[in-house]
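Peer 1: The chain contents come next:
Protein chains: 2
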Amino acid sequence: MQLEQIKYPAQESVALTEPFFHMAFSVDCVIFGFDGNELKILLIKRGEEPFGGYWALPGNLIYLNENIHDGAARVLRELTGLQNVYLEQVETFGTVNRHPLGRVITTAYYSLVKIADCPVFAQSHAEEVSWFPISKVSDLAFDHLEILKACMQKLKKIVRGRPVGFELLPPKFTLSELQRLYEAILEYPMDKRNFRKKILSMNILVELEQYQEGVAHRPARLYKFDEEKYKRFVEEGFSFAV
Amino acid sequence: MQLEQIKYPAQESVALTEPFFHMAFSVDCVIFGFDGNELKILLIKRGEEPFGGYWALPGNLIYLNENIHDGAARVLRELTGLQNVYLEQVETFGTVNRHPLGRVITTAYYSLVKIADCPVFAQSHAEEVSWFPISKVSDLAFDHLEILKACMQKLKKIVRGRPVGFELLPPKFTLSELQRLYEAILEYPMDKRNFRKKILSMNILVELEQYQEGVAHRPARLYKFDEEKYKRFVEEGFSFAV
DNA sequence: TCAAAAGTGTTCTTATTACACCCATGG
DNA sequence: CCATGGGTGTAATAAGAACACTTTTGA
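Quick mapping for you: the protein sequence lines, in order, are chains A and X.
Going by my numbering, the residue at position 165 of the first sequence is 165; the numbering climbs one at a time, nothing skipped.
Going by my numbering, the residue at position 237 of the second sequence is 237; the numbering climbs one at a time, nothing skipped.
A few of these clues could be false.
Treat identical chains as interchangeable: a pair holds within one or across any two.
To be verified - Subject to a maximum C-alpha distance of 20 Å in a straight line, what follows is the list of computed DMTMM-like cross-link-like pairs (lysine to aspartate or glutamate):
1. K172 to E207
2. K149 to E88
3. K149 to E236
4. K172 to D226
5. K149 to E235
6. K192 to E49
Simulated from the structure, these hints should not be mistaken for laboratory data.
Since this is a predicted model, take the numbers as computed values, not measurements.
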């Protein structure tokens, strides 16, 4: 193997085997939102080749001198305007031919956001940005459909291990909205009484003295999350320790 | 941004932004074993700079024309002689300065193996290969200690969601050995009766008409795994669906 | 006969499931 | 007055946790 010195930002020089150094690294962001009924996903329409005109996950190559996690946040911001979202790594996809132009390995990140609070706008190589119901997403650029599916599996796992909703619902919501969110994520119906019993027993909800208005049925009581307790729950997960 | 054509194996040509293409990608393997008492980890002593003489996870750069999963299997084989192990991806580590010679992003894989069945021998840039009790591992090359910790967390999660043991124990084992394995992974003691009740209720064990020999106490009955049922359990995990 | 680990059941508590009717509102 | 979704409790079952003594062997 042949060694060579190459110029490298942030470090003086490197002596690494040249043939390894013709690859790129990207991140792709799977941003889930909820509109009160359906689970949605944020996609961009690509304005560049390859896959120009295709819908895709917001993603791009990262810089040599940025951490991949920071890169994910930057790429998401540059393409969609979304910022200050909590991104969590899911999985790295590295089959040889996943990118038609060269060897590009990508790491998927996911996040949950409130659609209403997150105005998005297309920038950079994104020609459009839009929310799509996950049930209607079928064709995506690259291997992005596979990535999306992996992230949905991850989301399903997460929702079983800790409460979800703070990131996806408006500040005040009804228990039925929360239940619809769980049903949208887990893709099966739940019993109303059992769901309420369980979610209330977690002690992460605060009952408000406010009700829905203008609905053609008995108005539902509004709740909010007890932010402190919610966060503790998320951090610790359900404790399985003895 | 400046575009250029670079030579690329397996594809004709690429037009990708040059500054992105000075990085490398590696894999690191976290191989867990069990000796009947302690959880152990397979390490190599590096024979090359950087971190020459340090103990490290078996890891190396991957080739441009190999899938990362295949790369993990190859690297593990080349360094330690271990092959045909089931590798599962855990997490990708991509802070800028994690490798002193340049930008190297790495993906960690883990596996579980029977130490006795897996003769290992140092090759390539591994000067030595050896099993270490996880409790005694403290200094490792690069950020490998962080990677090891992440994989241990993953292993703890896994053991709560599906049975573990087939990959780590000899073909015939006692229930106490199995319990010691669980305790070694989860790092807390378990009640003998409750453990037995639970593991037997999974129906993945076959009671043998054989007993321990030559022990200075009442000899324990031997069990083996019902391979079919075990595999089904692993694949499906614990089903939480309604 | 002693030390060491094997083996074994019951009780209590908690979590999970299944299930049906009345209530408040807008149209 | 009707359609719509809101709101409520109980009983049965299953899972999890706590807990102590007898058995078998080799030394």
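Peer 1: Does each hint hold? Answer for all of them.
Peer 2: Taking the hints in turn, this is what the structure says about them:
1. Proximity of K172 and E207 under a CA criterion of 20 Å is satisfied intra-copy only: 10 Å inside one chain copy versus 56 Å between copies.
2. In this assembly of identical chains, K149 and E88 lie within 20 Å of each other by CA distance both inside one copy and across copies; the values are 15 Å within and 18 Å between.
3. For the homomeric pair K149 and E236, the shortest alpha-carbon distance between copies (17 Å) is at most 20 Å, but the shortest distance inside one copy (26 Å) is not.
4. Taking the shortest alpha-carbon separations for K172 and D226, only the intra-copy value of 11 Å comes in at or below 20 Å, while the best inter-copy value is 51 Å.
5. Taking the closest pair of Cα atoms, K149 and E235 come within 20 Å of each other only across two copies (17 Å); inside a single copy the shortest separation is 25 Å, beyond that limit.
6. With identical chains, the CA atoms of K192 and E49 are never at most 20 Å apart, being 48 Å at best within one copy and 61 Å at best between copies.
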